[in-house]
Amino acid sequence: MTETTIAIEQGGGPMLGVAPPEDVLLDVRDLKTYFHVMDGTVRAVDGVSFSLKRGSSIGVVGESGSGKSVTALTMMRLLDIPPAEIVDGEIWFDGRELVAMSDEDIRHIRGKDMAMIFQEPLTALNPLFTVGDQISEQIQLHMKVKKREAWDRSIEMLKTVGIPNAETRVKQYPHEMSGGMRQRVMIAMAISCEPKLIIADEPTTALDVTIQAQIMELLKSIQQRTGASLMLITHDLGVIAEMVDDVIVMYAGQVVEQGHVDEVFLDPRAPYTEGLIRSIPSVVGRGRRLKAIRGTVPSPFNLPPACRFEPRCDYPWDLCRATEPELYQVGAPERGARCHLYGPAGRGHRSPVVGTASVEGETESTEAARPDAAQVFLKSEQALEDRRQ
Amino acid sequence: MTDDGTQTAAPAAGTAIGAVPVGLAPNGQVREPLLEVSGLKKHFPILGGILRHRVGTVFAVDGVDLTIARGETFSLVGESGCGKTTLGRSLLRLTPPTAGRIVFEGVDVSAMKTADLKPLRQKMQIIFQDPFGSLNPRMPVSDLIGEGLIAQANKENGWKDRKVRDQRVGDTLEAVGLRREYTRRYPHEFSGGQRQRIGIARALALNPDFIVCDEPVSALDVSIRSQILNLLVDLRHEFGLTYLFISHDLSVVEYISDRVAVMYLGKLVEEAKVEDLYSAPKHPYTIALLSAVPQPDPRVKSQRLVLKGDVPSPAAPPSGCRFHTRCWLREQLGNPARCVAEEPQLRALEPASHRVACHFADEVSARTVTSAAEEQARTGAAIAAG
Numbered sequence: 001m002t003e004t005t006i007a008i009e010q011g012g013g014p015m016l017g018v019a020p021p022e023d024v025l026l027d028v029r030d031l032k033t034y035f036h037v038m039d040g041t042v043r044a045v046d047g048v049s050f051s052l053k054r055g056s057s058i059g060v061v062g063e064s065g066s067g068k069s070v071t072a073l074t075m076m077r078l079l080d081i082p083p084a085e086i087v088d089g090e091i092w093f094d095g096r097e098l099v100a101m102s103d104e105d106i107r108h109i110r111g112k113d114m115a116m117i118f119q120e121p122l123t124a125l126n127p128l129f130t131v132g133d134q135i136s137e138q139i140q141l142h143m144k145v146k147k148r149e150a151w152d153r154s155i156e157m158l159k160t161v162g163i164p165n166a167e168t169r170v171k172q173y174p175h176e177m178s179g180g181m182r183q184r185v186m187i188a189m190a191i192s193c194e195p196k197l198i199i200a201d202e203p204t205t206a207l208d209v210t211i212q213a214q215i216m217e218l219l220k221s222i223q224q225r226t227g228a229s230l231m232l233i234t235h236d237l238g239v240i241a242e243m244v245d246d247v248i249v250m251y252a253g254q255v256v257e258q259g260h261v262d263e264v265f266l267d268p269r270a271p272y273t274e275g276l277i278r279s280i281p282s283v284v285g286r287g288r289r290l291k292a293i294r295g296t297v298p299s300p301f302n303l304p305p306a307c308r309f310e311p312r313c314d315y316p317w318d319l320c321r322a323t324e325p326e327l328y329q330v331g332a333p334e335r336g337a338r339c340h341l342y343g344p345a346g347r348g349h350r351s352p353v354v355g356t357a358s359v360e361g362e363t364e365s366t367e368a369a370r371p372d373a374a375q376v377f378l379k380s381e382q383a384l385e386d387r388r389q
Numbered sequence: 001m002t003d004d005g006t007q008t009a010a011p012a013a014g015t016a017i018g019a020v021p022v023g024l025a026p027n028g029q030v031r032e033p034l035l036e037v038s039g040l041k042k043h044f045p046i047l048g049g050i051l052r053h054r055v056g057t058v059f060a061v062d063g064v065d066l067t068i069a070r071g072e073t074f075s076l077v078g079e080s081g082c083g084k085t086t087l088g089r090s091l092l093r094l095t096p097p098t099a100g101r102i103v104f105e106g107v108d109v110s111a112m113k114t115a116d117l118k119p120l121r122q123k124m125q126i127i128f129q130d131p132f133g134s135l136n137p138r139m140p141v142s143d144l145i146g147e148g149l150i151a152q153a154n155k156e157n158g159w160k161d162r163k164v165r166d167q168r169v170g171d172t173l174e175a176v177g178l179r180r181e182y183t184r185r186y187p188h189e190f191s192g193g194q195r196q197r198i199g200i201a202r203a204l205a206l207n208p209d210f211i212v213c214d215e216p217v218s219a220l221d222v223s224i225r226s227q228i229l230n231l232l233v234d235l236r237h238e239f240g241l242t243y244l245f246i247s248h249d250l251s252v253v254e255y256i257s258d259r260v261a262v263m264y265l266g267k268l269v270e271e272a273k274v275e276d277l278y279s280a281p282k283h284p285y286t287i288a289l290l291s292a293v294p295q296p297d298p299r300v301k302s303q304r305l306v307l308k309g310d311v312p313s314p315a316a317p318p319s320g321c322r323f324h325t326r327c328w329l330r331e332q333l334g335n336p337a338r339c340v341a342e343e344p345q346l347r348a349l350e351p352a353s354h355r356v357a358c359h360f361a362d363e364v365s366a367r368t369v370t371s372a373a374e375e376q377a378r379t380g381a382a383i384a385a386g
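Sequence lines, in order, name chains F and B.
Under the working numbering, think of the first position of the first sequence as 1, with each following residue one higher.
Under the working numbering, think of the first position of the second sequence as 1, with each following residue one higher.
Mixed in with the good hints there might be a few duds.
Claimed, not checked - In silico contact screen, one side only, chain B against chain F (beta carbon under 8 Å); selected entries: (1) G193; (2) S223; (3) R225; (4) N230; (5) S251; (6) A292; (7) P298; (8) V369.
The set of hints was computed from the structure by calculation and includes no laboratory data.
Ideal Cβ positions, reconstructed from N, Cα and C, are used throughout, including at glycine.
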C-alpha cells in the first residue's frame, strides 16, 4: 500500500471560518446535528464533511437512519430546533455560511438558490391548492414578479419538465395527477427560481422503474441545461452509479467512504461499502451467494464505542474496539475511507480490497472459511444483546 | 454442487447454487407440475352512486395461464397495479377468482368450498411484504407462529399439545436464523429484518410445499435484503420448497428465479427461463423494463428505452394489445393497425419455454432497439411524458 495516511478531516480540510474558493458551491465542514429526545441524544449527523463544485453532482448513499436526509435538512435549515440542534460545523454555500445565518436571511436562499425535491410528492404538495398556485407562490416570493407573470412562468416550468397540456395541468390539484406527474411538478417547483443547487432526497424511490427512468433522464437533462449542482440522496446504488460524479457513503451518522463514483464502486475500500456493493444481486451474479452484512444498524442511542461498523465488520481487530477511525486518505486526494486498515496502524493487517471486478474470480477458500451465515447472524445478535445489557 | 442433483441443506458460501435447475429432474425431464393455472381472472367491481351499484370493473387479473413445477422458483414481475399481487392471492384462494381453473397437486382448488380448503392451507403459505403491518403487535412470537399450528392441529402432528407446538416454534425460529428464546417476545422488540424472519417462520412452521413470497424484501434495507434472500435460497434447498416470487425489483428476480413471467395490466406478456428472459427479451415492454433498471456499475452505459406516459388504468385497458399505447416497437414499425385491433396471445418462440404475447416479437432485434433508442435521444422523447 502506497497511500499516505493523513486523515482527510484534519490534514486536508480547509481552515474553519474561511470561505472556500470561488469554484466550490457547497462546503460542509464537520457538521454535527443532534436530536435531544426523551430517551437521550441521537447523534444523527456526527462530523460530516464534503464539498461540491459548481455544476457537478454528488451522491449520498446510506441505509435508513444513516443520517443522509438529516444532512440535507440541516443544509436547508428545515429542522425544528429543538429537538434538533446543530451542535457544530459550518455550511458554506455560494460564499456564505448558513449555520450562523438568521432565519430571515435563510429564507432568501431556501427555495431560490438551494431547492429540494422530496421523496413523497403527495405529502410534499399541498392538496388544497392547484399546482400552478404552488409553483407561482414561490416564483412571486423570490423573483419579485407580478402574479400574472408568475403564473405564466409556472406553465413554462411545467412544459420544461415534460408535462403535456401544461395550460390545463397548471389548474389541477395534486390528487388529479399520477405519481410520476407529481414528481415532475416537484421538479418544476424546485427549478422555477433557477437554483444553484438542487437537493433531491430519494426522488425516485416511490416510483415504478419505468417512471424512475423518466425522472432520472429529466433530472440529468435539467442539470445539463441549467448548470445547477445536484446533491442526490438515495439508498439505490444503481441510481447513484448513473447519476453523479462523486459519492459519499454514510453509516450511523458518519461518512465512511468518499470519492469519485467509479472508484468507489469498482474499488470500495471501507468494509461497509464493500459489503453494500457485494450485496447487490446483479453485481454478485446468479447462483452465487449474496454478501450479507450481518446484524443490523446499531441503535442511535447505543452506538458501538469506537468504530461504529465494528460489530458487523468482517475484518475487525482490537484497535477497532478501542479507538474511533478517522476518514483516512486512500489513493487520490479526494478519496477517503473510515477504517483503521488505512490508518497508521493498518499496515500489515489484511487488506480487504475487493472490488466488483474481482467478485467473479473470487476463490472459494476465503468464502468457505467464513462460518455459516445464519450462525454468524446469531452470534452477532448475541453480541448486540450482550452490549445492550 | 453435487452432480446427482441432490440438494445440500445449506450450500457452502460461494458455491454455485442451482446449477441443476431445481424444476428439472436429474435426467433432464420436467418434474411434475405443482400448480397449473388456466384462464384465471379476477375482476373487482367499482361501486358508485347512492345505491352503490356497479359502475365499472377493474380487470386486475384478466386471463392468466401458467404452470409452476415442483421445486422451482417462479417469479412474477411488473409495475404497481399490474395485478401480480392479486394473482398471487387468487392462487392461494385468499381472494376468490372470478373465472379460471387452479389445479394444485392435481386437485382443482378453484371451485372448492372454503371449508374444504383448510387442509390445503397447510401446503400453501404466503410471506407478506410489510414486516410491520403483517404481525399482530399484541401477540408474542410463540402465538404468531403457533396460531397456524393450532388451526392445522390433528392427531398425527399433535400440534394441539403446547409442548409439541413450542418445540416446533423453536425449531422454526432456528431454521430462519433466530434464537429459540425469542418465543416470548413481541414484534416491536425486533428490527425489520428480524420481523421478516418471523414472517418467514410463520409460513414455514406448517411445513408447506408452496410459498407465495409477495415482495418479501422490498421494505428492507440493502444489507438486510441480502440476508433474507440468502435465507430464502437456503430454506428452499433445505425443505424442498416451491416459490412464487412476486417482485418489482428486476435484479432480485434475476438472482433468485428459475423462470420469470412479466405482467402488464393483468396479463402475462412474456414468460421464459430466467437466463433467456434477461439475455434475449422478446416483448417490447420487457425490453424497456430491463433497460430502465439503473446499473450499479458505473462502467456500464446502457442504451435506455424510456417508456412514455404512465400505465393505463386497469379499469379501462386499451384495446388490442394492452401495451400498444406506450409501445416503442409499434412506433418503429409505423403503427400497424393489428396492435390496436387484435389481442396477442402468448405463443412459444425458440426455445419453446420462451412464450411471448406480441404480434411483432420477431421484429425485435438489436437494430430496432438501437434505432428506437437513438430516435428517443434525438427527439428528447425520453424527457417528455407524452
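To see whether the hints hold, each was checked on the structure:
1. G193: Hint holds; B:G193 Cβ to chain F Cβ min 6 Å, cut 8 Å.
2. S223: B:S223 check passes; min Cβ-Cβ to chain F is 4 Å, inside 8 Å.
3. R225: 7 Å, holds
4. N230: Constraint on B:N230 satisfied, holds at 5 Å.
5. S251: 4 Å, holds
6. A292: Holds, because the Cβ-Cβ distance from B:A292 to chain F comes to roughly 4 Å (cut-off 8 Å).
7. P298: At about 5 Å, which falls below the 8 Å cut-off, the nearest Cβ of chain F leaves the hint on B:P298 intact, so it holds.
8. V369: It is violated, given that the least Cβ distance between B:V369 and chain F is near 15 Å, above 8 Å.
Going down the numbered hints, you'll see the structure goes against just number 8.
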